[in-house]
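These protein sequence lines are chains A and B, in that order.
Counting from 1, position 23 in the first sequence corresponds to residue 23 in the numbering used here; the numbering is continuous, with no gaps.
Counting from 1, position 81 in the second sequence corresponds to residue 1081 in the numbering used here; the numbering is continuous, with no gaps.
There could be a bad hint or two in this list.
Taking lysine-lysine pairs in the DSS-like style, the calculated list, with each CA pair at most 27 Å apart, reads [to be verified]:
#1 1044/B - 49/A
#2 100/A - 68/A
#3 1011/B - 1044/B
#4 1078/B - 100/A
#5 1071/B - 100/A
No lab work stands behind these hints: they were computed from the structure.
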Amino acid sequence: AQSVTQLGSHVSVSEGALVLLRCNYSSSVPPYLFWYVQYPNQGLQLLLKYTTGATLVKGINGFEAEFKKSETSFHLTKPSAHMSDAAEYFCAVRYNQGGKLIFGQGTELSVKP
Amino acid sequence: EAGVAQSPRYKIIEKRQSVAFWCNPISGHATLYWYQQILGQGPKLLIQFQNNGVVDDSQLPKDRFSAERLKGVDSTLKIQPAKLEDSAVYLCASSLDGQAPNSPLHFGNGTRLTVT
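Same shape as in the complex, but just chain A (with noise of 0.2 Å):
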């Protein structure tokens, strides 16, 4: 079945370090493929988007992504993490045209002063 795996459903850095979370997809085709983060009582929002083209993809407050076909990955990182980046971070793929937008379970990301 269509899926898509986020490994680790909670990650802390230190305010300053680098932040990764990971995504990986299970299909051989490359899907399109999403980052949204969460604040807390609130909806989901765009970070950035892979479709075709340049495999690194920057998106919204600093994160970027990079779309490794060899390795079905899609994980999201920022050089230094802030304070305000502690949310809920969702990876979401669409398999095809038309087709639904799969979420992961998502990563809870904490900063610590």
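We have chain A already, so just place chain B on it with the hints.
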């Protein structure tokens, strides 16, 4: 542009009661989605509308859930009768064209439902 509007923000009901949620998508967005987000999980698609037609309702528990999108704009999601396991956040989202694979979804703030 105004975002996706949802109401109410919170709702507490007893099991076997009924409840309805309302959503107003971003103006001009043809596709509207209802997602269920259970605590600790990612959102799960319940139903997707393209204008006022249903595109996907394969994961909608049709014995108790219903949804409509009259005139291709606003939408309501109803649960009748509610069960304890329906406690979740119900998210409404819209996109310009759900058939375009790179068309992002824009989410409302959700309705948090607690069934006691």
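- Index of numbered hints that the structure contradicts, given in increasing order: Every hint satisfied by this model.
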